[in-house]
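> As a plain string of letters, each chain reads:
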Amino acid sequence: MEKREKKQVFSEIHFYVVLTFDGFHLLLDEHDIRSVEVVEDVQTQVEKEESSIGVVGWLSYGEEQYPVFHLSTDLQLLPEPPDDKRFCVLIQTEGEEAVFGIMCDALTQLEPGHILYLQPIPEPCHLPHTPLTQLAVYDESVAYVTTADNLVSYISAWGETRMVEVETELESA
Amino acid sequence: MELIHAHHEEEIKEARAWILNIGADMRVAVAYHEMEQVLLDEPVFHIPCAPSYCNQAIIRYNRVLPLMNIAALLQPGANIEKGNTAIGVAVYQEAPGKPLHRGCMQLTSNPKSALIKDEYFCDLPTDSELWEDISLSCFMFEKRVIPVIDLAVLFSSQLRDKLNATGL
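If you read the sequences in order, they're chains A and W.
Numbering follows this note's numbering, with no gaps: position 3 of the first sequence is 3.
Count along the second sequence from 1, then add 1000; that gives the number in this note's numbering.
Do not take every clue at face value.
Claimed, not checked - Pulled from the structure, derived: some chain W residues nowhere near chain A, Cβ distances all over 10 Å:
id, residue
1, Gln1037
2, Ile1059
3, Thr1108
4, Lys1112
5, Asp1133
6, Phe1141
7, Glu1142
8, Ser1157
What the hints assert, rightly or not - Chain W regions said to be covered by chain A (calculated; three or more residues, Cβ under 8 Å):
id, stretch
9, 1039-1048
10, 1061-1068
Treat the hints as calculated values from the structure; they're not laboratory data.
Beta carbons: idealized from backbone N, C-alpha and C, even for Gly.
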């Protein structure tokens, strides 16, 4: 194999980590993970405005504080922090433009040789607003591949939609 | 009619098809060779952020196959039960010579094989405009109007985009 081809192949290799919550397996590239903290470190007092856009807590890391979200298995942003999660995973976009936390039951780093059967989302299931990039087969079930960038866009869009809904509710009240 | 292979113009044309009970008292048909398997008690997985009529999937030989609820697609907003009594695994091609694809359909009972004659041909049902999009033809059988489904269209991105644009 030519040296150029070798470089290309290695740059396309992903090392995945699996965030598991309520039996749901969310796969992210390990480079998207900044830190793993215990959920007890999450401060769950949030302002009403923050709660309305899905923030369920704040996690201090270094000198910064980062918003924490609670995802359902349907990737809905739940309004309350869970009482049964163990970890808060800090996820960062490329260039650390955005950092946020997701609560989960477990975090598993996959071995490089672990076979995931990565595949496209089936066409009839694939809507434009999904944060998912691919599906995989993991632990005899479907696993869901995403990226930090996609999650940020998804959460931001969700927050904007919720803000419009809240404003509409206030106007009609 | 796609199902019919004429041997001779004067001869009665007929072909075997599978009649599928898709729920909500609806029946559709697919060509005999398009039904690969019927699965019972198969684990089903939810696909988040997917259309309500196709937000489930199954795993077959490490491939994730979409599971379509055709009744829910045709009657949006209706309370169509998602009980998977049976899952029909269909195999189809977009055109002759193209790769094979697989997709699944929710069924409320086992498919029924039937011999369909050309003379059974009839007009599509009028209860949904989508029949025009997803049907190849239609026939009357045992007093029921049964559209023949175009699987390549049913599982296509084009149909998905059209339905998404209409808010489905």
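> So, for every hint listed, does it hold in this structure?
Hint by hint, here is what the structure shows:
1. Gln1037: holds, 17 Å
2. Ile1059: violated, 6 Å
3. Thr1108: Answer for Thr1108(W): holds, closest chain A Cβ roughly 20 Å.
4. Lys1112: Since the minimum Cβ distance to chain A is about 25 Å, Lys1112(W) lies beyond 10 Å and the statement holds.
5. Asp1133: The assertion about Asp1133(W) holds, with a minimum of 13 Å to chain A.
6. Phe1141: holds, 27 Å
7. Glu1142: holds, 30 Å
8. Ser1157: violated, 4 Å
9. 1039-1048: This one holds; 5 residues, not fewer than the three required, reach chain A with a Cβ under 8 Å.
10. 1061-1068: n = 6 at 8 Å, threshold three: holds.
This entry does not satisfy hints 2 and 8, going by the numbered hints stated previously.
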